[in-house]
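Enquirer: In case you want the letters, here they are:
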Amino acid sequence: MTELGLGVATLEHEPTGRTDPDAVDATLAASGDASAFERLYRTHVPKVYGLVRRMLSDDDVDEVAQDIFVRAWQKLGTFRGEAAFGTWLHRLAVNVILARRETLGTRRKRYVEGDMVLETVPSRRATPEMSMDFEAAMERLPDGAREVFVLHDVEGYRHEEIAQMLGLATGTSKSQLHRARMALRQHLER
Amino acid sequence: MTQDPWTNRLSEYLDGELPEWERHALESHLESCAECSLVVSDLRRVVRRARTLKNPPPVTDLWPGIAARIGAGIPKAQDVVDLDAQRRVRRRWAFSLPQLAAAGIALMTVSGGAVWFMSGAARQSVVSAPVPSSPPEGTPAVSVAMKPNASQSYAAAVADLERVLADGRGKLDTTTVRIIEQNLAAIDRAIAEAQRALDADSANLYLNTHLAETMRRKLDLLRQAAALVPVS
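These protein sequence lines are chains W and S, in that order.
Position one of the first sequence corresponds to residue 59 (the working numbering), numbered consecutively onward.
Position one of the second sequence corresponds to residue 346 (the working numbering), numbered consecutively onward.
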């Protein structure tokens with residue numbers, strides 16, 4: 059197929075026959091329409107930002123979230139509309155985040171064996187700010203367990219996908235997830 | 346203290362990833378092990394909790410920074426839509442948003458739409474440019490005086506680009522052609538919808554701007570599609 063410099067994607071049609079507004083905006087954005095890209099940004103920034111916030115430390119969140127959308131703008135030509143735009147953007151976001159982690163050298167000791175994870179997340183049962191505690195507890199998970207937990211339980215990726223993204227064995231992904239869950243159960247509302 | 350050997354399998358059980366025989370064995374174990382049952386219940390709640398986490402937008406709007414980095418400044422009324430010369434397009438077309446807005450109005454007139462600039466005092470106040478006295482940023486001032494020329498130029502530009510595309514259609518991959526045609530059809534539908542909306546509210550500045558921008562998108566898409574036609 060001819061390489062489309064304009065990054066034209068096939069417009070997706072919902073069963074009702076209506077065109078998916080994201081696909082239309084992605085097409086327009088790929089042809090240089092910044093307004094269309096801003097609409098995509100407004101639609102998707104909460105979820106992308108949530109992903110970044112949960113995967114990285116506070117200091118980097120805004121910058122990395124911006125990087126993701128700038129990268130998306132640059133890569134719109136590769137979006138073919140085969141998946142939903144949000145799915146495509148999310149995968150791109152994960153790649154940017156993981157690349158940032160590599161850059162920052164934060165992959166150290168992330169997939170430790172043993173019970174270290176359980177010990178690093180102190181229990182705070184029955185405190186008033188439980189929902190915040192749950193997020194705070196997630197932040198305190200070691201990077202490896204946090205990545206797997208966020209990608210699997212929050213974002214809905216499968217172990218096989220996570221293993222591929224993170225360069226792990228599927229079994230390691232499963233064991234990290236279990237450890238993360240076991241740590242976080244201490245932070246459930248009772 | 347010795348850990349129950351099943352404890353480390355409980356997440357896999359919850360996720361439906363245990364082999365059939367192991368799942369049955371674990372379910373039998375759960376009937377008699379209160380501790381494991383409690384853990385399964387907790388893990389289920391952790392998963393449910395994770396799936397219902399809120400995603401508030403960032404406190405600080407990141408768009409201005411992104412816009413700056415991708416070179417998308419806030420459009421001004423006087424911005425000119427600069428259509429770069431393309432290797433397969435010999436003519437250079439450049440339209441301002443006001444010109445495109447005027448062209449849109451002209452198209453409405455030709456197609457039997459509302460002749461919004463010819464009637465009504467309120468409309469007159471909009472038509473007798475500049476409109477409005479303090480236009481919002483990014484809003485083009487519509488000038489009727491530009492209408493005929495802009496309309497003709499726009500139609501000529503579209504026709505020229507469509508001709509280039511039609512001539513080169515056979516040189517393009519069929520999938521590429523299909524995608525271009527689908528996208529052009531989507532934009533044409535948007536133009537038609539904007540024109541219909543203007544039939545009902547012809548003095549609406551937003552609709553006029555929207556129509557102009559949509560027409561510009563069509564030009565952009567045609568221009569870039571024409572550039573795909575290989576040089577023979």
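Treat the hints as calculated values from the structure; they're not laboratory data.
Nothing here was measured: the structure is a model prediction, and the numbers come from that model.
It is possible that part of the hints are untrue.
With a Cα cut of at most 20 angstroms, we get these calculated SDA-like pairs of lysine to any residue [to be verified]:
1. 133(W) / 90(W)
2. 105(W) / 393(S)
3. 399(S) / 221(W)
4. 105(W) / 400(S)
5. 399(S) / 222(W)
6. 105(W) / 404(S)
7. 399(S) / 213(W)
8. 399(S) / 192(W)
9. 133(W) / 521(S)
10. 105(W) / 409(S)
11. 105(W) / 399(S)
12. 133(W) / 412(S)
13. 133(W) / 162(W)
14. 105(W) / 405(S)
15. 516(S) / 534(S)
16. 105(W) / 90(W)
17. 399(S) / 100(W)
18. 399(S) / 144(W)
19. 105(W) / 408(S)
20. 399(S) / 102(W)
21. 399(S) / 128(W)
22. 105(W) / 410(S)
23. 133(W) / 400(S)
Here are some, though not all, of the chain W residues that point toward chain S, as calculated from beta-carbon distances under 7 angstroms [claimed, not checked]:
24. 103
25. 105
26. 124
27. 149
28. 150
29. 215
30. 218
31. 239
Note that beta-carbon positions come from the ideal geometry of N, C-alpha and C, so glycine has one too.
Enquirer: Now look at each hint and say whether the structure bears it out.
Expert: To see whether the hints hold, each was checked on the structure:
no.: 1; hint: 133(W) / 90(W); in the structure: 12 angstroms, holds
no.: 2; hint: 105(W) / 393(S); in the structure: 17 angstroms, holds
no.: 3; hint: 399(S) / 221(W); in the structure: 26 angstroms, violated
no.: 4; hint: 105(W) / 400(S); in the structure: 6 angstroms, holds
no.: 5; hint: 399(S) / 222(W); in the structure: 27 angstroms, violated
no.: 6; hint: 105(W) / 404(S); in the structure: 14 angstroms, holds
no.: 7; hint: 399(S) / 213(W); in the structure: 12 angstroms, holds
no.: 8; hint: 399(S) / 192(W); in the structure: 12 angstroms, holds
no.: 9; hint: 133(W) / 521(S); in the structure: 18 angstroms, holds
no.: 10; hint: 105(W) / 409(S); in the structure: 19 angstroms, holds
no.: 11; hint: 105(W) / 399(S); in the structure: 9 angstroms, holds
no.: 12; hint: 133(W) / 412(S); in the structure: 15 angstroms, holds
no.: 13; hint: 133(W) / 162(W); in the structure: 23 angstroms, violated
no.: 14; hint: 105(W) / 405(S); in the structure: 15 angstroms, holds
no.: 15; hint: 516(S) / 534(S); in the structure: 27 angstroms, violated
no.: 16; hint: 105(W) / 90(W); in the structure: 24 angstroms, violated
no.: 17; hint: 399(S) / 100(W); in the structure: 16 angstroms, holds
no.: 18; hint: 399(S) / 144(W); in the structure: 17 angstroms, holds
no.: 19; hint: 105(W) / 408(S); in the structure: 15 angstroms, holds
no.: 20; hint: 399(S) / 102(W); in the structure: 13 angstroms, holds
no.: 21; hint: 399(S) / 128(W); in the structure: 24 angstroms, violated
no.: 22; hint: 105(W) / 410(S); in the structure: 18 angstroms, holds
no.: 23; hint: 133(W) / 400(S); in the structure: 25 angstroms, violated
no.: 24; hint: 103; in the structure: 6 angstroms, holds
no.: 25; hint: 105; in the structure: 5 angstroms, holds
no.: 26; hint: 124; in the structure: 5 angstroms, holds
no.: 27; hint: 149; in the structure: 17 angstroms, violated
no.: 28; hint: 150; in the structure: 14 angstroms, violated
no.: 29; hint: 215; in the structure: 12 angstroms, violated
no.: 30; hint: 218; in the structure: 11 angstroms, violated
no.: 31; hint: 239; in the structure: 5 angstroms, holds
Violated hints, listed in ascending order, are 3, 5, 13, 15, 16, 21, 23, 27, 28, 29 and 30; each of the other numbered hints is respected by the structure.
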